[in-house]
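> So the chains spell out like this:
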Amino acid sequence: MRYACGLVLLALLSGSAASYADDMKMGDKNWTALEKTLEDVNNQWLCSGKYYKPKAQDCVDFRASYWPDQFFEVGQTGKTQTREQMVAGQTANAAKKPDVVRGTGPNPQDFKLMSVYGNIALATDHTVFKTADANGNVTVSGEAEVLRMFEKENGRWRPAGAVLIPSKK
Amino acid sequence: MNKFRIVLVIALMSMPSLVSAQTTMKKGDKAWTELEATLREANLKWLCQGNYYKPHRQDCVDLRAKYWDDQFFEMNPGSGTQTKAQMVAGQTKGAATYPDVVRGEGPNPTEFTLMAVWNNGNFAMAVDHTLFKIRMNSAGQPDFEHSSPGYHTDHWYPDESGKLAVVREVTYARVFVKKNGEWRPAVGASSPRPPSK
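Chains as they are written, first to last, in my numbering: chain A, 1 to 169; chain B, 170 to 366.
Don't take each hint at face value.
Covered stretches of chain A (chain B as the covering partner; in silico rule of three or more C-beta atoms under 8 Å from a C-beta of chain B) [stated by the list, open to error]: (1) 39 to 49; (2) 56 to 64; (3) 89 to 100; (4) 116 to 125.
Label pairs and their in silico Cβ distance ranges [what the hints assert, rightly or not]: (5) A:Gly103 with B:Ser330: 26 to 36 Å; (6) B:Ala265 with A:Ala33: 19 to 29 Å; (7) A:Asp69 with B:Tyr221: 51 to 61 Å; (8) B:His324 with A:Glu153: 35 to 45 Å.
Okay, derived cross-link-like pairs now, SDA-like style, lysine to any residue, Cα gap no bigger than 20 Å in a straight line [as the list claims (entries may be wrong)]: (9) A:Lys79 with B:Lys366; (10) A:Lys96 with A:Glu84; (11) A:Lys112 with B:Thr252; (12) B:Lys348 with A:Lys168; (13) B:Lys195 with A:Lys168; (14) A:Lys25 with A:Glu39; (15) A:Lys168 with B:Lys262; (16) B:Lys262 with B:Asn306; (17) B:Lys195 with A:Asp69.
In case anyone wonders, no lab produced these hints; they're calculated from the structure.
Just so we're clear, the structure is a prediction, and the values are computed from it rather than from any experiment.
Beta carbons: idealized from backbone N, C-alpha and C, even for Gly.
Kindly generate the complete structure, drawing on both the sequences and the hints.
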């Protein structure tokens, strides 16, 4: 029994010592695998690529269920919005423009995992915003460097926040 | 057997990979307000403002090189994403060109707000409204000669002291990690905001 208790305590100590080290280094196999997982989470968050939704409200509803309560975003004009404010604003926009042309909206590129702290991961991407004109032609309307923050809960990674910095590539 | 079960439960609760990133702290409660105050102070230390003012720019760079977490990075308009090493190198170069700092010059954080707390209270995300200030010259104009080109602007206004010019304003996301009982900056990311005046 003492031996079993000793083993458990050893596991406890090594767990807390590992804490943020995570046995993961930029560029190693685990890092690359997590980067890929989060890139997919990012596409889901943005209803981009294979997660495209033709109805704008469907994407808003998905985000409302995907974002945790503490989610927040700093927009390109420095305005900070909580999850609740984001959902309200996007719902109002979806009522005005209910249909989404494939490829419009935020298109993330160059996704890069920058740091990992246990159940928190921080990444960057270059997001190209696209809109469709009256003829359905898709054009670039803006670009931003984006800090993407993620948190892991019950084994699932979810968006925790974002900061958009206007930029041109 | 009971003793073993107790130890096992404690061990499982303590393993970071098995617990959620959520925390029991709620916005506005006592623990939240206290943490916000602690991080506001950490933010001032990071920026060498208030009690942490350093008249020699390189002293501030040296403090940051120790204070920033190893994984620290920063994202700012015009300079993209920079790692800790790149930030330290760039600021060291800047300190060689502009070695002296007038009290209050540089980034001045206001309206610090704690937005989210994760990892059982060991990871925190906040935002502030940062005003970038530079000294005025004898003609009452911003002294662009003694400030980094990044601060040069056509639009400026004097701060409340009348001795410094506000040349840029941003919303800054300030992200902190707690390690060995100390809160340290993990990420900074800023987005420009319209001038207040």
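> Please go over all the hints and tell whether each is borne out by the structure.
Right, here's what the structure says about each hint:
{"no.": "1", "hint": "39 to 49", "in the structure": "violated (count 0)"}
{"no.": "2", "hint": "56 to 64", "in the structure": "violated (count 0)"}
{"no.": "3", "hint": "89 to 100", "in the structure": "violated (count 0)"}
{"no.": "4", "hint": "116 to 125", "in the structure": "holds (count 7)"}
{"no.": "5", "hint": "A:Gly103 with B:Ser330: 26 to 36 Å", "in the structure": "51 Å, violated"}
{"no.": "6", "hint": "B:Ala265 with A:Ala33: 19 to 29 Å", "in the structure": "42 Å, violated"}
{"no.": "7", "hint": "A:Asp69 with B:Tyr221: 51 to 61 Å", "in the structure": "33 Å, violated"}
{"no.": "8", "hint": "B:His324 with A:Glu153: 35 to 45 Å", "in the structure": "44 Å, holds"}
{"no.": "9", "hint": "A:Lys79 with B:Lys366", "in the structure": "17 Å, holds"}
{"no.": "10", "hint": "A:Lys96 with A:Glu84", "in the structure": "19 Å, holds"}
{"no.": "11", "hint": "A:Lys112 with B:Thr252", "in the structure": "13 Å, holds"}
{"no.": "12", "hint": "B:Lys348 with A:Lys168", "in the structure": "36 Å, violated"}
{"no.": "13", "hint": "B:Lys195 with A:Lys168", "in the structure": "38 Å, violated"}
{"no.": "14", "hint": "A:Lys25 with A:Glu39", "in the structure": "17 Å, holds"}
{"no.": "15", "hint": "A:Lys168 with B:Lys262", "in the structure": "26 Å, violated"}
{"no.": "16", "hint": "B:Lys262 with B:Asn306", "in the structure": "23 Å, violated"}
{"no.": "17", "hint": "B:Lys195 with A:Asp69", "in the structure": "11 Å, holds"}
Hint compliance for this structure: hints 1, 2, 3, 5, 6, 7, 12, 13, 15, 16 are not met, and every other hint is.
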